[in-house]
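Protein chains in written order, with the working numbering: chain Z, 1 to 458; chain F, 459 to 750.
Hints are computed from structural coordinates only; laboratory data are not their basis.
There's no promise every hint is true.
Derived EDC-like pairs: lysine to aspartate or glutamate, alpha-carbon spacing no greater than 16 Å straight-line [stated by the list, open to error]: (1) F:Lys693 with F:Glu666; (2) Z:Lys356 with F:Glu666; (3) F:Lys616 with F:Glu601; (4) F:Lys591 with Z:Asp342; (5) F:Lys528 with F:Glu691.
Selected chain Z positions facing chain F (Cβ under 8 Å, derived; list incomplete) [unchecked claim]: (6) Gly343; (7) Leu347; (8) Leu360; (9) Ala362.
Each residue gets a CB set at the ideal place from its N, CA and C atoms; glycine is no exception.
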Amino acid sequence: MNTAIIATLLLVLLGLAYQTGWSRSRRLAPAGETKLHSRPVYHGALAAIWTLVPALLIFALWALFGETASRAYLLAQLPPDVLALGSAELESTLRRIRQIESGFGVVGDALPWENQAAQALREFSTLTYAAVIAAAAGTGALALWLANRRISLRLRARNEVERVVSAAMITCSVVAILTTAGIVASLLFEALRFFSFVSPIDFFFGTVWNPGFSTTGQGAAGEYGLLPLLWGTLMVASIAILVALPIGLMTAIYLTQYASQRTRSTVKPVIEILAGIPTIVYGFFALVTVGPFLAGVGDTLGIDIRATSALTAGIVMGIMIIPFISSLSDDIIRQVPRAMRDGSLGLGATQSETIKRVILPAALPGIVGAFLLAVSRAIGETMIVVLAAGNSPFLRLNPGEPVSTVTVTIVNQLTGDTDFASPQSLVAFALGLTLFIMTLILNVAALYIVRRYREQYE
Amino acid sequence: MNENTQLEAREMHMPTEKIVARSDLYEMESSTVRTPDAEQRPVRVTARNVSVFYGPKQSLFDVSIDIPEKAVTAFIGPSGCGKSTFLRCFNRMNDTIEGCRVTGKISLDGGDIYDPALDVVELRARVGMVFQKPNPFPKSIYENVAYGPRIHGLARSKADMDAIVESSLQKASLWNEVKDRLHEPGTGLSGGQQQRLCIARAIAVSPEVILMDEPCSALDPIATARIEELIDELKQNYTIVIVTHSMQQAARVSQRTAFFHLGNLVEEGPTDLIFTSPGEKRTQDYITGRYG
């Protein structure tokens, strides 16, 4: 209801503004006599922008501060003894009054003062709502009138519209950048809070991971050594890469160099289906199929392999990354100029000699970039390891044993009852930050390498 | 039976004479073409009724030609006339293009190069190729030249390889310019030097025939002049077939010229005759610049 009315209002304003701008500018320059600087479309668009932006600003202000205002108003309505309550109880009272006001989810009978407050709140909301709509419509109309007055033969409407469009683009990219900065900042501040409990040296160089439980009241008594988790992460990621790199690369070589157009057009999409499988599905594939299978193989060979282990998680993660490596390397190999290939073949080199001695060396930097991107993906992968790695944060060399990784530990520390003031939860942010920095470095390195490679052939 | 004889009869009347020899003095069907210029030269490569198809589209029609030994034969014609396609038949580079089919017969020293028993690797060692755009590998100058000998196992030792590299670069008249920087990347040379490097690379496997596909089209006039000079020297030892866009170049470097148009070989003969008194109207029009 609420949004529908606002949307309708905005649409009406938009249509009206565009139409008036368009027709007014057309009337100014009857066909064939004088010439407008900008085409009527631009005048229409400019009028629409002029009209919509102030209205939108008013709605934005309302969205930002409406809640605070209604809260302040509500507090003013409450009897003093309620205000004297503790913050938690006050919050629940406020919630209750809002429920009475909206008529949803009310438990028990409402007290008279509660009803009163709810009634007052209802009136306040209706009033502000009407006021906001009126203000938006009013400023919109005013802006429209102003915009219309500006329309003249020489008005550079096209240039102004272009400027607005470019400003809109910049805003969008700034949003993306600010979000990244916000994520980093939140990670950083929470991590700093964690480091006020545990020294960074103990965290980064500790070899024991045993954070204890916040509910037992141990405080900082746990041990927060990052190394077992890091080791687990690296082990699983390395196994994944060992599986994915050869298979992915060979696939890419086959598809680019040997396969006929028909084979390629069927095989490539099929491989890319792998990339579309949700990781949780890979997770239970690992848990139900690959783990027991590996354990069985271990039994026949006389090696002890646990069903949930670094090996299981690593292999399945490797399968997950195959399409990633194959399609990236496919693009890169395809970029090696055909002239290189012809040059080598023309000298009597066989297909495989050409690939080994000319195409792969030429594509190597790009392949390294693809490899680094795949590694950073493997490091950040969560679901498969949660299900299949065994969650056992100890420093172990044997890949057949269960391990735990940084991502799994973050999940563990943040699920269930969490108190965000205890180091047991805050450590998740320190772990997240570590992970973020690792993948960031890998990505930057990969991008740098890929870019350098691109320069070579352009 | 009757049918068979008819068929044979029809085959015999097949219009192989689409190809008009320079003059009626020369008998096209014989395997050696006697011409004033290349008369003593034996024929190295012969092509008979070669057609090339890309998928369903035919782009070369029944071309027959003889390439004399140790001379330069130029293929000229407007873009898309099939001259490069034809050139690429001689070392079976068309095999690398999907959907490309070649019919007819091409023989090198009498052996059919499209014989299924023939190893295409050996063929390409005997028939080298230089491409339109210089395409040195992203390796050092030395490694670029050593590439062919290495894959064919031509050098027993490091000293052998050094000798091959040096002599190839010398034959390509590039040695003096690069001898002090053999280990710098080949891609750092100038365009003309790169093309000479590619020629050296082709020479290094000691081919008998060198195919050049518009080797100067990406080069400036000075670099072009050097390559032409080089081609002139190389013809002492190699059989050269060059595809060129430039009629002046064909006139300067070749002893025989073949003119292609729309996938057909229109006319073929000694260069001086083709340029001074062509037998076909289309040739005349092309070389006088009426089209192309």
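Structure versus earlier hints - violations, ascending order: Hints 2 and 8 are the ones this structure does not satisfy, whereas the remaining hints hold.
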